[in-house]
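Enquirer: Letter by letter, the chains look like this.
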Amino acid sequence: MGELAGDKHVKYILCVEKKKDSFESVVMEHLRLNGAYWGLTTLDLLGKLDTVDSNEVVSWILQCQHESGGFGGNIGHDPHLLYTLSAVQVLALFDKLDVLDLNKVTDYIRSLQNEDGSFSGDVWGEVDTRFSYCAICCLAILKRLDLINVEKAVRYIVSCKTLDGGFGCTPGAESHAGQIFCCVGALAITGSLHHVDKDLLGWWLCERQVKSGGLNGRPEKLADVCYSWWVLSSLIMIDRVHWIDKEKLIKFILDCQDTENGGISDRPDDAVDVFHTYFGVAGLSLLEYPGVKAIDPAYALPVDVVNRIFFGRC
Amino acid sequence: MHGRPRTAPKPEDAAASAAKAQKLRALQSQFLSYHHDRIYTKEALDTSAKLLEINPEYYTAWNYRKLAVEHNVKESESSPESVKSIFDEELKVVENALRQNFKSYGAWHHRKWVLSKGHSSLDHELRLLDRFQKADPRNFHAWNYRRFVAALLGRSVEDELQYTEDLIGNNFSNYSAWHNRSMLLSEILKKKEQESYSQDTISKEYEFVLNALYTDPDDQSGWFYHHWLLDQTSKAKAPLLVSSWPVPGSELVVSGNVSLGDHPLSSFSKVTVALERFPVVLYFNQTVEGVNSSTVAIQCTFVQNEDVTWKPFSPQNSWASKVWVGYLDLSGVDHHSSAPHTVEVKLGHHKGIMSSNGLQLSVPFDLSFRVSVKPLETQSSKDEKLVWEEDKFYACEMPIPCLCYDGISVGNKYEPTTSDWQIGTIAEEISQIRNLLAISDSKIGKITLARLLMAHDVMSSPYATKTVHAEEVLGLYSELMKLDPSHSQYYKDERSLVLLQQLLSSGGTLLKHCFYYGGITSSSTHGPICLRLNNQSISRMGAFDKLLWVQMLDLSDNELHSIEVLRASNHWLSTLTRRMCDLATETILVLRLNRVKML
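Protein sequence lines correspond, in order, to chains A and B. Mapping the first sequence onto UniProt numbering, position 237 (from 1) lands on 237, and the numbers just tick up by one. Mapping the second sequence onto UniProt numbering, position 72 (from 1) lands on 72, and the numbers just tick up by one.
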């Protein structure tokens, strides 16, 4: 079995950060804040967060904040829960949550909860359980979960449960590993995992492991490294991770590396990107691969960062 | 981001890419200034349309277009045609964007936003969806949008059901269509009152899905649907009590207050407990709510029924559970009289205990046990320390009290919890799947057969599951471990649960695993009974309803890997910590030689 080319991946991420003028970079400009979270969390997991100038990043993040309190994907872009979560997560990585005007951010988030407990992503009203996760994770990190109606939020998430034990984006929608991660994560954070049928969901999730050892996101689809995070963290949160073959998954992730130029791709021999590099490394972290820091499956942040938030300096 | 081959960049490509990047950047920049300056002219709108055609993920542009629509609609309030044309333009922009990326959340949401304004015709939408369905039958954005449109159009559930049938008929491997079918059918089944309609519907679905399973036994879609049908078929009807503690008919000697430090080993009948919190445990066959002093009557001389508080035994604050505990205050009982007091527990005489489907527990259950209170013997507690010695086990000969509940219900009869149709359907499916497995070595087929066989056993005898098929099921899981080694831990866990059912379901088998642990107490009483389940390759605990009477449990030399798994079962056996004192049963759980992770 191969090895994790940690140094190459660090170089790749630092390089991508500088290459702002490639077409790939320009076409993803609107989600640069997500990209910052993926890249920086990977660096932290590989023990190299200090290679980045935190002040520069923090000041850029604050420029992404809109007058409504929410954050846009980049400077000048409209605010949305997706980027607000990434902003808070990156600030947590740097232990700079105190730069935030807490009320401003939390007011924005709570304003997006609807009557039925669901969350809209922004003022334009798209509802999706992804946004429930963003809101709950964000407010939990900021220790202001009390500002929303948690019971209703949980009830809405439970209403999105499907008949195979998983969760979809809205009631009636099909199970999808990404949505499952969001719902199980939100339920974990709010102490509501008893709503999950762990055996039923656990079996559906473990069946995502295909012959190659990789995980897909839904039945009859191709394996993809990003599911190494969404499926794996869900399995861990419901204590069924022993139902997959961890060694085979590790091998699959390592095979997705570009060991020459750094970076990880969705499947072996495809083009790499920061998104899959993060999910590959995060997956390896959950699989306890040596040399990678531990990551919290619900908050998607390194465990030492989560401990620092909730228990002070450790 | 997905599915692009890894190729080394060529210099010509880099130059072309840089040029493209510059153009796009200029476009994005221009767009942002229109947006911030709130300019909604045709030229500005065209810029955003061009941007979205290239990059439909640029979400701020969709927001901008909504603002532009609102602005321009206000300006042309008088003319409904111009309002309609404004919205039609949006639909066109969405279609163009979807051509570039038919999974764009922003594009789909914009279309929904437009349609919900009510100025657009819905005629085109189903045809649009058909095109997307053909391009990618698993596109969940399209399915979500379909649900939205179907609701707007007021399409009947039956019509949508027919649609899924047509799709599946064309291509069995359409998990999304099967999923939608199951959601639609759930709705129908919930509404229809007549049981025969539900039964006919489900029977037809079995026939329908079997076609798919025979056509491609390795495609998962049909099998997951079949699993859902099995779930619908084996739904337990009314809730029932399956087990309780104290063991009905037993006589307990309760002494003094709990000492949290040492746990003196007690004989089968001696219990050390906090007198104010003597527990009575009720274990049901499914999650129920409504267990309280109006629905459960405690009758004894020293406790007022209204003073008994019943709580769900669940780690979270939920209002429903399979296991409920009520606490009796024994501190008022006379310590000096050794005469035992009878405690009667009656439930099912009044409505109120309900399952989550709203079905009432209507079969009455009357249990009783006897209890006497003695002062705590503080001196003897020092002598009674447990030392684990293999040769201290003696075989049990007498029958073990209270393994099964045939007969605790009033009048010795119970309502059958399953119908002939249910058992007949499961039997038919068993036969069908056996036929299928004869011609194809389908892994998921074997899993399904194992589940069907266990369901059949459970249904045939709801209290004490007579595990007729257990050997065959154990064999299936052993085969599966070889056929699909990646998932061997799953099969091992399932196998453990079946094994436990098998070991615990018949008095004869159980007796072989029961031993007195001798050498401590006085000669008039036996030592505690230890259930020895060591060396059985058990990787997971279960069947807790059948273990309430156990005081000593030997699980050494097994393959348990996580106590969390025990905890997750919401049962009192799940703690090795102080919490056990709450339930006042001294259970010694031996986990020698298991690699148990303390979480």
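No lab work stands behind these hints, which were simulated from the structure alone. Do not rely on the hints blindly, as some may be mistaken.
[As the list claims (entries may be wrong)] To spell it out: a stretch of chain B is covered by chain A in this simulated footprint if at least three of its residues, at any positions, have a beta carbon under 8 Å from a beta carbon of chain A; those stretches are:
#, segment
1, 2–11
2, 155–161
3, 282–288
[Unchecked claim] DMTMM-like, lysine to aspartate or glutamate: derived pairs with alpha carbons at most 25 Å apart:
#, chain 1, residue 1, chain 2, residue 2
4, B, Lys117, B, Asp136
5, B, Lys482, B, Asp366
6, B, Lys374, B, Glu276
7, A, Lys161, B, Glu160
8, B, Lys237, A, Asp197
9, B, Lys446, A, Glu24
10, A, Lys221, B, Asp557
11, B, Lys443, A, Asp7
The beta carbon of each residue, even a glycine, is placed where N, CA and C say it ideally should be.
Enquirer: Evaluate each hint against the coordinates.
Expert: For each hint, the structure was consulted:
Counting residues of the segment 2–11 of chain B whose beta carbon lies closer than 8 Å to any beta carbon of chain A gives 6, which meets the minimum of three for the stated coverage. Remark: the segment 155–161 of chain B is not confirmed as covered by chain A, as 0 of its residues place a Cβ nearer than 8 Å to a Cβ of that chain, below the required three. Counting residues of the segment 282–288 of chain B whose beta carbon lies closer than 8 Å to any beta carbon of chain A gives 0, which falls below the threshold of three, so the coverage claim is violated. Distance check on the hinted pair: lysine 117 of chain B and aspartate 136 of chain B sit about 28 Å apart at the alpha-carbon level, beyond 25 Å; violated.
Taking the CA atoms of lysine 482 of chain B and aspartate 366 of chain B, the gap is near 48 Å; set against the 25 Å cutoff, the hint is violated. Straight-line distance between C-alpha atoms of lysine 374 of chain B and glutamate 276 of chain B comes to about 14 Å, which keeps the hinted pair within the 25 Å bound. For the hint linking lysine 161 of chain A to glutamate 160 of chain B, the alpha-carbon distance of about 21 Å falls within 25 Å, and the restraint holds. With a C-alpha separation of about 19 Å, the suggested pairing of lysine 237 of chain B with aspartate 197 of chain A holds against the 25 Å cut-off.
Under the criterion of a C-alpha separation no larger than 25 Å, the hint pairing lysine 446 of chain B with glutamate 24 of chain A is inconsistent with the structure, at around 47 Å. With a CA separation close to 40 Å, the supplied pair lysine 221 of chain A and aspartate 557 of chain B exceeds the 25 Å bound. The hinted pair formed by lysine 443 of chain B and aspartate 7 of chain A fails the criterion: a straight-line CA distance of about 41 Å is larger than 25 Å.
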